[in-house]
Amino acid sequence: MLQVVLFFFIVVAGTGGELCVSRAMKSIGEIHDFSPRSLIRFIGRALRLPWTLVGISLMSLGFFSLVGILSFDEVSFVVPFSALSYVAGAFGARILLGERISSHRWMGIAAVTVGVTLVWWSKR
Amino acid sequence: MTDHLHHSRRLRLKTVPFILLSIILGPLGNVLLGKGMKEVGSLRTVRPSDLLPFVERTFTSPWLWLAIACFLGFFVVHMLLLTWADYSYVQPATALAYATVAILSYLVLGEVVSLLRWTGIAVICLGVLIVGRTSPRTTGTV
Chain S
1 MLQVVLFFFI VVAGTGGELC VSRAMKSIGE IHDFSPRSLI RFIGRALRLP
51 WTLVGISLMS LGFFSLVGIL SFDEVSFVVP FSALSYVAGA FGARILLGER
101 ISSHRWMGIA AVTVGVTLVW WSKR
Chain A
125 MTDHLHHSRR LRLKTVPFIL LSIILGPLGN VLLGKGMKEV GSLRTVRPSD
175 LLPFVERTFT SPWLWLAIAC FLGFFVVHML LLTWADYSYV QPATALAYAT
225 VAILSYLVLG EVVSLLRWTG IAVICLGVLI VGRTSPRTTG TV
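In order, the protein sequences belong to chains S and A.
Using the numbering used here, the first residue of the first sequence is number 1, and each one after it goes up by one.
Using the numbering used here, the first residue of the second sequence is number 125, and each one after it goes up by one.
Possibly wrong hints are sitting among the right ones.
Which bits of chain S does chain A cover? Going by a derived footprint, with three or more residues having C-beta under 8 Å, they are [as the list claims (entries may be wrong)]:
(1) 8 to 22
(2) 45 to 51
(3) 82 to 90
(4) 93 to 102
(5) 105 to 119
Hints were generated in silico from the structure; no laboratory data involved.
Where is the CB? At the ideal position from N, CA and C, for every residue including glycine.
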């Protein structure tokens, strides 16, 4: 039961957090200059955006769930299984960020899902 | 149209080194975290009497802090990527990290990775390759 709850947080809170961060990054726009000064300015700007802060909170919840689950499950099981976030990510990106997911990308995401299922079977 | 193709190619050239960096830093963090948590021992319940000593042991493990350093590096690389590339492109592309995780789990942690698990990981990577052939951006700045 604890395993199911922790996986839920890893997938849902982790993906939700990444979507929030992604939204914040899209509002900053493409970075062209990689000098240390402009990178620091970029991080400073990013950390002032509410979407970044919500994103980091959700990702932290996902992270602590990962810490918990790794105390009793194998890394080579937990990490591939958390690829379920790809499915959550595709729907989230489409709904929340307005990204267009082409049939090509859906095929890739379907393959990821099949792969995750095989990894899950390897545990049985 | 030619301009658009040129821009797409330039974006991809910039994107690939960042993706490589993220598929090394992320898995390294996971494996170091796994190593630390194996030493800390199993969390059975979330009752305070179990949880508090668990949290204390976790946060005094040097492996955890090394893992966090890797994750922070990964996070900065990931944020930079997301300023110009679509989330639905970056997220599946970084799935190549699953291959790195399996290799490092086997080499560093001595985990037994069965044939079925390798197959599953290979299929995940195949999905990544399919996604990687699509254009990195379908939207403008929001």
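These are the hints, each one checked on the structure:
1. 8 to 22: It holds, with 4 qualifying residues against the three required.
2. 45 to 51: This one is violated; 1 residues, fewer than the three required, reach chain A with a Cβ under 8 Å.
3. 82 to 90: Holds: 5 residues of the segment 82 to 90 of chain S have a Cβ under 8 Å from chain A.
4. 93 to 102: It holds, with 8 qualifying residues against the three required.
5. 105 to 119: It holds: at least three residues are needed, and the segment 105 to 119 of chain S offers 14 whose Cβ sits within less than 8 Å of chain A.
Checked against the numbered hints listed earlier, the structure breaks hint 2 alone; every other hint is satisfied.
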